[in-house]
Amino acid sequence: MVQGMPTIAAISTPAGKGGIGIVRMSGPEAMEMAKKVFRPRNGRDITSMKGYTAAFGTVHTVSGELIDQCVLLCFRGPRSYTGEDVAELQCHGGEAVIHAVLRAVLDSGAEPAGRGEFTRRAFINGRISLTEAEAVMDIVNAASAQGEKAAAAQAEGSLARRTEEFRDRILAIQTQIAAEIDFPEEDVDEADRDGLTRDVRKLSEDIDSLIKGYDAGQKMLRGIPAAIVGSPNVGKSTILNLVSGYEKAIVSPEAGTTRDIIEEQVSLGGITLMLADTAGIRENASGEVERIGIDRARNRLLKSSLILAVFDASRELQADDLSLIEELRGKPVLAVINKNDLPAAADTQRLKDAFPAYVEISALDQSSLGVLEKAVGDMAGVSGFDTDSPLLANERQRNCAVRANDAIREAADSLESGFTLDVCYALLDEALSVLFELSGENASEEVIDAVFRDFCVGK
Amino acid sequence: MFEYKSYDVAVIGAGHAGIEAALAAARLGCRTAVFTLTLDAIGNMPCNPSIGGTGKGHLVMELDALGGEMGKAADATMLQSRMLNLAKGPAVHSLRVQSDRRAYHRYMKSVLEAEPNLDIFQDEVTGIKVENGEVRGVVTSLGGDFPCRTAVICTGTYLGGKIFVGDAVRHSGPDGVCPADRLTQNLVDLGLPIRRFKTGTPARVHSRSIDYSVLERQDGDEDIVPFCFDRTEPLENTRCCWIAYTNEETHEVIRRNLSRSPLYGGAIVGIGPRYCPSIEDKVVRFPDKKRHQLFIEPCGANTQEMYLQGMSSSLPLDVQYEMYRTIKGLENVEIMRPAYAIEYDCCDPTELYATLQSKRIKGLFGAGQFNGTSGYEEAAVQGFVAGVNAAHLVLGREPFVLTRKEAYIGTLIDDLVTKGVNDPYRMMTSRCEYRLILRQDNADERLCEKGHQLGLLPDEKYAVFLRNHEELDKELDHIRHTVIHASDEINSILENLGESPLAGGASAEAVLKRPNVRYRDLLPFIHPQGDIPSAKVQQKAEIEIKYEGYLKRQAALAEKLGREDSLALPEDIDYKQIRGLRLEAADKLNRIRPSSFGQAARISGVNPADLQVLSVWLAKKRRENRGRVDDQ
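These protein sequences, in sequence, are chains A and B. Positions 1 to 459 (the working numbering) are the ones given, in order, by the first sequence. Positions 1 to 632 (the working numbering) are the ones given, in order, by the second sequence.
Some hints here could point you the wrong way.
[Unchecked claim] As a list, the in silico BS3-like pairs of lysine-lysine whose alpha-carbon atoms are at most 25 Å apart:
#1 B:K362 to B:K576
#2 A:K374 to A:K352
#3 A:K36 to B:K560
#4 B:K474 to B:K552
#5 A:K36 to B:K513
#6 B:K560 to A:K35
#7 B:K513 to B:K552
#8 B:K450 to B:K513
#9 B:K560 to B:K5
If you are wondering where the hints come from, they were derived from the structure by calculation, not from laboratory data. These numbers were taken from a predicted model, which means no experiment stands behind them.
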């Protein structure tokens, strides 16, 4: 085992999929860190667990709030995937839960794993062959490029842009301090200490509220907004249940059953969708409640990047179907021609011609899932795209913001308690280099450039 | 045929880099020669007559702890001493002295002369003989042909030196010394990429032509701290400095004559240092600034020459008179040595390993301005490192490299060989990410052990360090085990300092950790018997205890980031052969040839994914090697 390697953590199950989510930790302190967030039912000390054993219990944030029930699997190096000590926390698979668990683990001191890092360690520790490792090497760069692209695409209004803003604010303070310290005999106006203290404290508070806001908004950011529409009883809810894996919407043969918008995070073809199950669109809605539902459905359609339009192949196209075809013209629609297990009665050619893509399935048949996945992947133009990347990018950014803020808070404290400027100077440096880590730029060069740009110094 | 003496190490240039290189090599037992254009310019200070300053004071003290000479010479020849940044915290305390430049020269010349293994020779080295990619000898302008195994280039601003005063241009080094004009072509022929940098200096003026009555006076410190940790003889300020200011009239003269400045007329192609702007640059770049400050500094005890720090210029002589005479106090100033800009040849430091040896030519080393830096102190520390490594190469010893977490010296050299330079590089505290733990006051704690192991820190000096170290340990232990009991005496002191009084007893350590409490405030309580430790130990103990939390935090950070620096990369990797590595990264890595994983990570253009690929490849390599060993 390579000595002194940091303990790393990541979610090791695909996003938005499956009933179980796994957070994997690997490294010398895996079990010690797990101990900070996992409480076993049997009350034993988990750090003395043997390899290939499990414990049942609950997983908590570092401040002790309950997140979920959880199974802890313990692997001891070198007999583990990576060859190091590995702890796996297995819990219920919801996005929110699994991300909260990852968060807790990172807060307990683990570092977010880089792309392919588990595999890299597995190779370094002799657990996998060179061929396997080289395959990973080939994808590492490709995947990181795609991840960066995805992160950039998602950067609109996200943490990335805000952290950059904070980086600039720290840079401005650091530039002032560096100018004063490196050019003490020159007429650089010295920052007033109270003002400096206020600025640093404010910075820390702002980053803090950014992190909190990010946490709250995270759920909204995950997944492509998508909708499922169709005339009543063509099988929308059945399809939704098919892709989400368990019964959520009320499915009954009575038309107009689904009156509200049910939004479900589902993973199809590697794409995470925020899929809205909308009320069936009917021209002559039976009541006020259903009409409201229909308005919402139309609204949701406008916001969707992908629309699954469901039609019933076993009956002739109805007036509702025809008006739906009109309404969806020019939109990113995948026509889902359902019930192909029954004798065909609809003019399916008309449907195939009307939309950019179509599939013919029976929602009652599990194998239809694969067909749908492929079609959705093709539709979104990102087949093979790994949705972990932007999420991971964001989690890394969050982790950086948290670490940076730790140093900034300490810097503000040092100023308030009357410590000399060199302490604040060093702590802000630490914060800056953490934030610059993301872009790979060099923090000290930036500070020096700014000093010479903003101050007339040098003899 | 006459046979010239052969050497282990030939040092080209006897400036601040050359001196340290030659002394280090000779003291390590190598037959060493130092070549200089003139014996009268050994250890010359062609620019400011001072040693130290922010970041630079750290370098001098580190060098002292390793067994270098600069600190001793600076202490011995100082005219005035000031500790800068005293109010800003111990990490950035920076010692700066005004030096008697002729005395400094004489000091260094006699130290070189006294060194048994060292020959000093006045001649211009015009070529380096290389066979099979290795240094074989140096040849000189007078026909000297000296076999040698290594050569250290410390040519300063003399290599291809060209001086500009307005449109008066001449090929020259500083202070009327001829330039070294022929070596550059030889280096180009050897395949070294050569670039051109420039710097400048202000005028030296006659003291009697200055009206001191209207200037601000700046005195030295009352308690003088020496550069050398073992110096016991007291030091004394014998001269002071003066502060003056430019005004709108000065700026107007400069603006009116900008077209006559070779800087702005395009005559100068070299790239100048950002931190050392000419007065033309300052006026142009900061037009809103109503005045610029200048320091008037003595050049020596026995001279009337005064240095106008902050007013370097390449303007024509008539404009210099006009410009300087607009300044209050300088209305009748008489110039003795005019200001000038100087261009010179240097190498790209990414051509060097961290040992400062060329990647292309075995046995060829560089130090100082040749490596793209500026400043006497930056030059001296590189000279030391290059000299040690040249000697180690000859002696078959391990390379000597300091890391970023060990020293400012390590930071400086890592910056040079990893990132390269775009303009002359100056040390600054902001370049050093571990500056809380890399302080002047603990330079001895950090480096004396290494200096002694190298064999360059003499036993007597090392013994002083050990004594201090022991005394410090004892004192820290004593402070941690002393309880201060609440009393009117301590509580009135605490209240005066704005700290809350003690209720019962508290450890001296806890009281000292309070930000407003100084060690000296607690002396009567920590040492009631009067057995007071030395001032140096007092200061060190105070810092270690008061800043403990922050020091530990940074030490942990250094530990974490430093891990990658201990992962060595073989020198002979062809990065282009590594599957999965991006082309840009492979190019950069092939050019820089990092010696460790950490250094690779600091190269711009090498991203985290590249490092992952590299580490898998390394592990593969290790396993193959292990396989080979097993086979045997």
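Status of the hints after comparison with the structure:
1. B:K362 to B:K576: 23 Å, holds
2. A:K374 to A:K352: 17 Å, holds
3. A:K36 to B:K560: 21 Å, holds
4. B:K474 to B:K552: Measuring from Cα to Cα gives roughly 20 Å; hence the hint holds.
5. A:K36 to B:K513: 31 Å, violated
6. B:K560 to A:K35: 22 Å, holds
7. B:K513 to B:K552: Holds - the C-alpha atoms of B:K552 and B:K513 are around 14 Å apart, at most 25 Å.
8. B:K450 to B:K513: Not satisfied, since the Cα-Cα distance of roughly 31 Å exceeds 25 Å.
9. B:K560 to B:K5: Violated, at roughly 50 Å.
Checked against the numbered hints listed earlier, the structure breaks hints 5, 8 and 9; every other hint is satisfied.
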